[in-house]
Every structure is written in C-alpha cells, then in structure tokens.
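Required output: the full structure, derived from the provided sequences and hints.
Going line by line, the protein sequences match chains A and B.
One gets our numbering by counting positions in the first sequence from 1 and adding 277 to each.
One gets our numbering by counting positions in the second sequence from 1 and adding 277 to each.
These aren't lab readings, by the way, just hints derived from the structure by calculation.
Just so you know, not all the hints are guaranteed correct.
Any copy, or any two copies together, can satisfy a pair, since identical chains are not distinguished.
Straight line, CA to CA, 27 Å or less: simulated DSS-like cross-link-like pairs of lysine-lysine [to be verified]: (1) K404 x K319; (2) K423 x K302; (3) K423 x K439; (4) K472 x K302; (5) K302 x K319; (6) K464 x K442; (7) K472 x K404.
Number of protein chains: 2
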Amino acid sequence: MDNYIVTIAREYGSGGRLIGKELAKELDIAFYDRELIVLAAKESGLAEEFVQKMEYKRTISFINNLYMTGYELPVSEKIFLAQCKVIRQVAEEGSCVIVGRCADYVLRDVPNCIRVFVHAPMEERIKRIREVYGEEQPNLEDFIRKQDKNRASYYNYYTHGKWGKAQNYHLCIDSSIGIPASVRVIKELVAEYTKR
Amino acid sequence: MDNYIVTIAREYGSGGRLIGKELAKELDIAFYDRELIVLAAKESGLAEEFVQKMEYKRTISFINNLYMTGYELPVSEKIFLAQCKVIRQVAEEGSCVIVGRCADYVLRDVPNCIRVFVHAPMEERIKRIREVYGEEQPNLEDFIRKQDKNRASYYNYYTHGKWGKAQNYHLCIDSSIGIPASVRVIKELVAEYTKR
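Set out below in structure tokens:
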C-alpha cells in the first residue's frame, strides 16, 4: 500500500492525542495536531494566536464581524477551509497521523484513510486531566462535558455528520486499557489495512 | 487473569456472529449464540421453538396474554430473565464469547468482560446477506434496517442504554477489513486485557 493516513478523533481527556503521537512515532510517520494550526494560520494569512483562539468556535463575535465585508466568509469558516486545504496537502505528501480537525471528514474520499475514535470513561478522563494536564477546575466533569460538546458541535456543524458515532469510524477504542495498549491495538488495525 | 468474557453486539449482516465464532475458536474458549437460547429455553421451561420465535420481541400478543395470570410476568420478560441467568451462569463457568442477547449489559459488573460492537457499511452488509445468508428480499436495505431496529429496540428496552453507542464498548470495529482481520484486531485487544 502507498501512503496511508490515520485520523484520530477523541473525547476530551481520553489521551487520544498522546495515542496519536505514540502511534506516529512507532509507525515512523508524520504527526499533525497543533502543528496543523500553525500551517493553516500561515495559509489563511491570519495570526497564529488568533487561529488558536478561534479553534472549535463556530460563531463569530460582533467585533470580528466589524472586520468583515459583505463579500467575505466569516473568519471561522475561513480558518476551517484553510485547515481543510492543509489536511489534504499533508495527506498527499506522505503517510501520517492527524488528530482532530474533522480530518476523517475532510479525507472521506481518500481510500487509504483509517478513521479512529478514542474515548474513555468519565472517571478516567477526570484523573487524566487532573494528573497529566494539571487542570484544576472546580467541577471537572462539567468542564470535560463542555469540551466534548464544543468538539461535537464543531464537527457536526462542518461535516453534517455525528461526532463519536461508531459507524463513522473503522475503530472506536476505550483508552482505559492504557496508552501503549491502545497504540498496539490501533497498530494491529493499521497493519491489517496496509497489507491489503 | 482468570476467566474473561468477550461480548459481541453487531449490526445485522456485519459478520459479527462469524467473527465471534472464529475468535472463540482461536482463543480456544466457549462460544454462545443460539446455543444460549436452547439453554434459556430449558431454564424457563418453555419450548425451544417458541423461545426462538419470541427472540427480539418485546411486546406480547393478545393470544399470549390469554395464557398469563395476573401474577405472571409477560412471556418476553420471562425469556429475557432466563437468558440473563444463563449468561451469568456460562460467564462463571469459564472464558467465553457471547454474541448478542444484551450480554454486555447483563455482565456490566463483571470486571473481566470485554465489550465489542461490530458494524459495517450498508453495501457490505447487503453483499453479505445476499451471498452468505442467501437472503433474497426485494429491498435488502430496508430489511437490514428493520433487523437493526429490532436489535436496537430490544437492547434499549431491556438495558435503558443505547445499542451501538461507541462509549458502551471497549472496541467498535468496522468489519469491512474482513472477518480474519477483524478477529486479529479483537484478539490483540483481548491479549492486552488479559495480560493486565
């Protein structure tokens, strides 16, 4: 098989980003996450910091609107389109792992695209974001649910699909077996796809 | 690890039953599907044929109602309870694969229970039920959707959960990579769980 792409969508705090990073390392292929934002920022001609702030935001504020002319796309749509372009570009350049950014949807017509969704029970996610991310919100469960809601709403808005629906993905995995174990299971799936 | 149980829920025509059977064979553990019905039938004191006919039926007909006294449970509930008992029994006896029958829900408090959901794109399922099951309905897509609906409604009624929701399972897999490949990926997951 030529190039292949693994897209990873993930619940907040499930360790999906880390799984993607480890997977890319073990498969010796490129890894894209925030790096993609940087590339997209350059692409759209918008400041990197602004692009990061706009991440997962669908609506545009009144202030942002002031900068728009009647002929322009809203800033959030501009960023999304720039990201789509970057995702398609890096996917053409070589095998890679892409975390988030609706990459599964953007690459829906690419045959060598393996779509993965990572989730975990709430108690595992609370533990992770407290211990690993050092997050200290008063109500972590609410905070996590809000992050998931943002991801789902961003995905559903741009793709007209349903974020986290099992049938959208080749593999959905509960990461509570641990990061290395999850990586090994996904690697097995990638091996099955790439040997076809 | 001592005994472990793999439960497999599956979309109609996804090959989930076959995957479960192959998996059990490769892991050299017991496999339960229709066999479970036979055991449940004996347990409930109802005729095997009748139990099979009642499969996935929640509601009871007027005729069946005639046989009920005010103190009796509906026949469908009786069968479900008998199946639950059998599922818990076989899970205690030794490692096994159980296909369908809400086994993931029935064994929700069993720590060594690995929950799997198998799905496949519609065109793959149409192909499978035509070629493998020899099904020749005029509109196979409608037929498949109806079977899925029955499974979902049966599961959701008895478990108050949501059939096919990614977060309910340790692994959801698209079987379009093939039966042997799907079995190998699930085997990798089982290996990760059992070596903990």
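Okay, the hints, checked on the actual structure:
1. K404 x K319: Result: close neither inside a copy nor across copies, 36 Å intra and 46 Å inter.
2. K423 x K302: neither (30 Å within a copy, 44 Å between copies)
3. K423 x K439: Both: 17 Å inside a copy, 21 Å across copies.
4. K472 x K302: both (19 Å within a copy, 24 Å between copies)
5. K302 x K319: within (26 Å within a copy, 54 Å between copies)
6. K464 x K442: This pair counts as both: shortest intra-copy Cα distance 21 Å, inter-copy 23 Å.
7. K472 x K404: between (37 Å within a copy, 23 Å between copies)
Consistency with the previously given hints fails for numbers 1, 2, ordered from lowest to highest.
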